[in-house]
Amino acid sequence: MNAELRPSVIAVWGRDALGRGDLEQAGRAADLLLEAYSRYPRALVLRALLAEHKGDLESALDDLQVVTIAEPANSEARAIQARLFLASDDTDRARGAARQALELVPSDPAVLSIALTVLNVDADSLEVNAAVLARVYMRLGWPELAERQARIAVSEMPERVDVRLTYAEALWRLGRLSTCETECRVVTDQAEDCVRAAVMRAHILSERGRTAEGQDLLDRVGQIDPEFEEARQLLATLEVHRLVLPELPSVKLSDDALAGLGAAVEEGASLQSEESLDDSLGIDASSKVADLNEAASEVKEESGLHDPASLRVATRGETILQNRPTKDRAQLAKAVDNATNSPGSSEPPAEDSAATVFSIVVWARDLIQRRQWHEAQRVLSDVAGDTALNADEVDVLLLEATKHLELGPEVWKILGDHYMRTSRPQAAADAYLKATTAPDEHSE
Amino acid sequence: MSTAVDIHSNLRRMEGVTGTVVWRIGDAPVGDIGGVSESPAAGLLAAGIGSMEHVVETIGLGQIEELWFVTEDAQCLAIRMGDWQAVLVGGINIDIETLRDRVTEMLSAAQDTF
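Here the protein sequences line up with chains A and B, keeping their order.
For what it's worth, this note's numbering labels the leading residue of the first sequence as 3, then goes sequentially.
For what it's worth, this note's numbering labels the leading residue of the second sequence as 12, then goes sequentially.
This is chain A alone, in the form it adopts within the complex:
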């Protein structure tokens, strides 16, 4: 019989192991998570830190690049990037990443510390620009002011995805969904796997009566953010919405693994070690662990699940910095060992990660593959209307779609519209002609 743990819990444990200097256990935690969720940002950050420790700066930067595409507002990832760039003697990029980390207004003092160190400045010499103000206002729950500053920031820094994402979110919170959608599309053009933009787009689709497509897009978010943390955060601000958040996933562990964790659960120890997690790696995961534990607890309560096998989490009111007994650490280590070494110990491997998750072209193909004809038709119409996409890519997709009779003559019309938009009237005429004759072919 298998038991299960939340991915975020395993990620926290992995960071804890890293902080203790147990690179092997940390590596196993990262491998376990990435086998199930190949783009999970927390797992990628863990792997990046491990790579940094081994001196493999290139691999670390590659992983962080994936993280910052999925989470452009991840200040920790930016700060670590800055440190890695500095170690690679790329001062310009180091300073750029550090500045970006600071403008994301990190709540983690260690992230702040890394960025300030890279820039070699004190906190009071930092410039407060429109991007910073936008984020601060957003955090304070003042979307009107956030929108105003974010708009200025976007005009000053149009290449900055995180700034545009803040702008999109401000628009979303103000209910300006059409403009939000436009900005989300631009964000997705630059950062195809951006989770937050995808959640907003999913909500907008559902508000437009396209709930099935919105739900489908939201479900795809889970390929990157398996616990839908960003989605829960955003949708929790709404009084009502039509989307359904999937059940929280878990990584299967064998009985031995669960037994190893069970003792820790019963004793109610936190995952925090007494020693500071700052020491060797300069990352203060201690407050992050507390934050994550609290978030996991809240999520657990919200979902109504009371899985006795789940790790108990320490809330803010409890003493966080408890000395974790060595015995517990050993059991936890054994649990991860068993999980990674036993067959079938994790969720099935994530799908091929070569294609981006939220690419509208990939999404359309996926809907066709899953025979969701009605939703596919609508997304194909969106594809044809998206002038930012590569015309050749759209040609290929629409021509593939015409092979599926279930999509009906409408897909030929969509192809015809696409050819007209790209100034190919002869091809458009052929496609429209097929659209008018297709029903007759079906009836034969």
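Rather than coming from a laboratory, the hints here were simulated on the basis of the structure.
Please read these numbers as outputs of a predicted model, since none were measured by experiment.
The beta-carbon is built from N, C-alpha and C at its ideal position, and this holds for glycine as well.
Chain B is faced by these chain A residues, among others (derived, beta-carbon under 10 Å):
| hint | residue |
| --- | --- |
| 1 | 411 |
| 2 | 415 |
| 3 | 416 |
| 4 | 418 |
| 5 | 422 |
| 6 | 424 |
| 7 | 425 |
| 8 | 426 |
| 9 | 427 |
| 10 | 428 |
| 11 | 429 |
| 12 | 430 |
| 13 | 432 |
| 14 | 435 |
Since chain A is already given, all that's left is putting chain B on it; use the hints.
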């Protein structure tokens, strides 16, 4: 509502008009033929005229500004002004001259606005 939709609505209300298609170069055509909206017939007519334009330009005769044809049951008038194009379909007895003036006026206004 986009300008193409507005122009289509305005043309469609004109007396004797049984179908219209409006589009801007680089956009998909908007319209209906015989009251069936979103049907491919409107796009087919627009694409057919677009193909004719392409042929005429290719053989060096310049850009078609106006195209008119008549069948036993209908008249069809297509006008191009800058990036904007409109096609009207009406009965055999419609006042093509008045319609031409109205269409030209609307497309000219659209051209100036965008």
